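**Q** Residue-level listing of the chains:
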Amino acid sequence: MLLEPRATPSRGMRLAAPLLAILLTLGVGALLFIALGKDPQEAFHVLFIGPLADANGWSELLLKAAPLILIAQGLAIGFRARIFNIGAEGQLIMGAVFGGGVAIAFQDSQSAWLLPTMVLAGAIGGALWGAIPALLKTRFNAEETLTTLMLAYVANLILSWLVSDPWRDPGGMNFPQSVMFGDAALFSMLFEGLRLNTSVFITIAAVLLFWIFVSKSFLAYQVTVGGLAPQAARYAGFPASRTVWLSLVLSGLTAGLAGVGEVAGPVGQLNLNISPGYGYAAIIVAWIGRLHPVGIVFSGLLMALIYLGGEAAQMALQTPAAITGIFQGMLLFFLLACDVFIEFRLRKPLEKRRAAALARKALP
Amino acid sequence: MNPEPPIPLHGEPRLQLLHISKRYPSVLANDDVSLVVRPGEIHAVLGENGAGKSTLMKVIYGAVKADMGEIMWNGRQVDIPDPAAARALGIGMVFQHFSLFETLTVVENIALSLGGEFDLASLAIKVSEVSKRYGLPLDPLRHVYSLSVGERQRVEIVRCLLQNPQLLILDEPTSVLTPQAVRKLFETLRQLASEGVSILYISHKLDEIRELCERATVMRGGRVTGEANPRQESSASLARMMIGRELPHCEAPVFEGERKPLLEIRALSREPDDAFGTRLSDIALTVHSGEVVGIAGISGNGQAELLAALSGETPVAREMVQLCGEAVGHRDAGARRDRGLSFVPEERLGRGAVPAMSLADNALLTAHRQDLVRHGLRRFAAARDFAQRCIERFDVRCGGAAAQARSLSGGNLQKFIVGREIMQTPKVMIVAQPTWGVDVGASAFLRQTLIDLSRSGVGVLVISEELEELFEICDRIAVLAGGRLSPAVPREQTNAEAIGLAMSGLFAQPTPESTHAA
Chain R
12 MLLEPRATPS RGMRLAAPLL AILLTLGVGA LLFIALGKDP QEAFHVLFIG
62 PLADANGWSE LLLKAAPLIL IAQGLAIGFR ARIFNIGAEG QLIMGAVFGG
112 GVAIAFQDSQ SAWLLPTMVL AGAIGGALWG AIPALLKTRF NAEETLTTLM
162 LAYVANLILS WLVSDPWRDP GGMNFPQSVM FGDAALFSML FEGLRLNTSV
212 FITIAAVLLF WIFVSKSFLA YQVTVGGLAP QAARYAGFPA SRTVWLSLVL
262 SGLTAGLAGV GEVAGPVGQL NLNISPGYGY AAIIVAWIGR LHPVGIVFSG
312 LLMALIYLGG EAAQMALQTP AAITGIFQGM LLFFLLACDV FIEFRLRKPL
362 EKRRAAALAR KALP
Chain H
101 MNPEPPIPLH GEPRLQLLHI SKRYPSVLAN DDVSLVVRPG EIHAVLGENG
151 AGKSTLMKVI YGAVKADMGE IMWNGRQVDI PDPAAARALG IGMVFQHFSL
201 FETLTVVENI ALSLGGEFDL ASLAIKVSEV SKRYGLPLDP LRHVYSLSVG
251 ERQRVEIVRC LLQNPQLLIL DEPTSVLTPQ AVRKLFETLR QLASEGVSIL
301 YISHKLDEIR ELCERATVMR GGRVTGEANP RQESSASLAR MMIGRELPHC
351 EAPVFEGERK PLLEIRALSR EPDDAFGTRL SDIALTVHSG EVVGIAGISG
401 NGQAELLAAL SGETPVAREM VQLCGEAVGH RDAGARRDRG LSFVPEERLG
451 RGAVPAMSLA DNALLTAHRQ DLVRHGLRRF AAARDFAQRC IERFDVRCGG
501 AAAQARSLSG GNLQKFIVGR EIMQTPKVMI VAQPTWGVDV GASAFLRQTL
551 IDLSRSGVGV LVISEELEEL FEICDRIAVL AGGRLSPAVP REQTNAEAIG
601 LAMSGLFAQP TPESTHAA
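Sequence lines, in order, name chains R and H. Those letters in the first sequence? Residues 12 to 375, by my numbering. Those letters in the second sequence? Residues 101 to 618, by my numbering.
Hint data in this document are derived by calculation from the structure and do not stem from the laboratory. Careful: at least some of the hints might be erroneous.
[Unchecked claim] Coverage of chain R stretches by chain H, computed from C-beta distances (three or more under 8 Å per stretch; other residues unrestricted):
| # | stretch |
| --- | --- |
| 1 | 122-134 |
| 2 | 240-249 |
[Said to hold, decoys possible] Label-pair restraints from in silico Cβ distances:
| # | chain 1 | residue 1 | chain 2 | residue 2 | range |
| --- | --- | --- | --- | --- | --- |
| 3 | H | G510 | R | V351 | 23 to 29 Å |
| 4 | R | R25 | H | G510 | 22 to 28 Å |
| 5 | H | G215 | R | E354 | 28 to 34 Å |
| 6 | R | G23 | H | H243 | 48 to 54 Å |
| 7 | R | S122 | H | E447 | 40 to 46 Å |
| 8 | H | T203 | R | L47 | 50 to 56 Å |
| 9 | R | V351 | H | P348 | 42 to 48 Å |
| 10 | R | N67 | H | E447 | 33 to 39 Å |
| 11 | H | D374 | R | T156 | 21 to 27 Å |
| 12 | R | V351 | H | N174 | 42 to 48 Å |
| 13 | H | A221 | R | V351 | 45 to 51 Å |
| 14 | R | L26 | H | N174 | 35 to 41 Å |
Since this is a predicted model, take the numbers as computed values, not measurements. Here a beta-carbon is modelled for each residue, glycine too, at the ideal position from N, C-alpha and C.
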């Protein structure tokens, strides 16, 4: 079997690919549940319908989707330019560390400026953590896929050191965690009794800004040209280093904001479980959303639902926690596979075609 | 008109194609094509780009399967499913683009293509014998990267000859050769023909075909439009068969305005970025307002490196490139464009245009300076309008401004890119291979456009492999060979012979004075 490029890949299929990937994921997921001895219909209900049965479910969905969508918006800019930042998790952690550091430094403050300062610090922290790979790439041509990923581990270790030594809560029974933040350092709740908070507006604003940026700005056009045809970008005189800096700093910045949103939101302190892998899941969100600011909103909601469903399935069906990762992974896998067949087609090797031609000739 | 294939007068035809048709998704590449080639005949297949010549040759060579029609080989009907089968029958083909491994020696390359077991030492002796016998001097132990393009073509030909072919197909073989090398090649081909080898010679160069071939099959739009004895036809009558009308000519009026230097290249030297690149040494040239200066030479002699240095894609030392009196050698392509430089590269898809983007988006690539961007935001309607005007003015055949660049034929995309660059009213225009892949009619239009552009006071620099083209449009011609540039000589003071000699590197190293005085 050979793969050969299609002359004109179908535009419709390219847009339909995410839906196709979802169907394939569901199909294989059903087989998986059957193999585990569960009723797939019941399992799907627990996974995808149950979590949305009440207001709390929708609140949790938005709470989880917001950081995913926010991070994916930034990543998508870089992916368009073929700058693959896969360490958004580290930038998220550094955003949380910078923002949380402000909250810890001004523990007793009741100032209305505390939260905005934390948000700003978080953005700077994430952007700085994205700037390091940008510097390494533009100065030393270091592959950003490696440097961003490695820096994610470094960020994790920095967080780990901070919460187990200098920033450890003195009254925290030696758990590796900081003090709980005061009210002035937390996003306020939107609805009584639900965890959804005002940080969701940061994501909404980001979606709008990125939508305008991607569809209207000349800068985004230059970034896209750099990804589609690097030689054309050089020919036109669009500086490649600017694209690298923009991509990595911007995606670091959004991840940093998402980090503040977690520590100043549902987590409420610095500890070792700030993020259930949002930085990595956002890579999938960006791709399933076709790198489009609006598409990312839908894919972010879907990924959040898989998180919620995975948790529900642990309780209701006693499935392992890995179910979330399996579904996320299958989704990306099938999407990429669909993309391959949209861009390429399978061709039978010559021998088989010749045999077929001979067979046709033999017929009267 | 579909005449029955003529019956050969004497002897069995070597190759007979009967009613060959081949349809691609969007185009009928071959429409009921019939062709007869006799033993020892040099048979031209003449036609413009896109006339279906290459598809027909691929059918013969087994690289493409025809939808309909038959192939007769020495009087027997045959099925040629792949190139290996074609080679087994005794059909050899020399492609326009070579398939050689640069890091291997000549004999190693040949051994690879022969397959099976081989003994390099005895094969090297055979290669020497064959190359001597047919006047194709070749050292079997040299590495391919050190060979000139003409020598590489010899490797390809010798590789075919070692298999004792009865039919040799050559696809545009002279496009990469100096005039002297063309003459040598013709001698070889005539010798082969006298030994009974049939030769199918694909070209669009009328003079060559009239000199070399006894019979010509002319194709247009996938069909055979005529058969002729090229020696009894004039270039004009052959052109009529090929393009369906008279061959257009260019007018080059005298420039009336003030002649001032616009683009000055001073002692430009540069080491190549990769191991197989060409080192540029001490290049000097001045392009003035109102003139077209041509750089002749065969690609691979520093053309790519010089163009990148001039466009700004690879910046050089500050003083080496002067644009309108300002030293810009250190600036990137965007900054040079800001100062009035336009550039058409030889690679259209992926460099001159983004394949997956629409023509409107591709207009933005360099023409964003034409008020297509305000406050950092794109003006979509303005870009569409710019693309639309370019499409109309330069007769770009396409599906409108929203058509993807990759959906255009090479010639039409070239017209779009040239148009986009000209519409930015440059002070200096640099064009590489302006008419590669462009049909005869459009080529004449593009050449005339470049002349007109220069006469409006622009300095135009053209780098081309086509000598005829340079002699048609240039006021002065220089030659780039081995990374060195010969002095630019007024067109009337030189000829193809002298340029051809210079292409082989036989010229005095220019001094800055000699070029400035020109």
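**Q** Would you pick out the hints that fail for this structure and give their numbers low to high?
**A** 1, 7, 10 and 14
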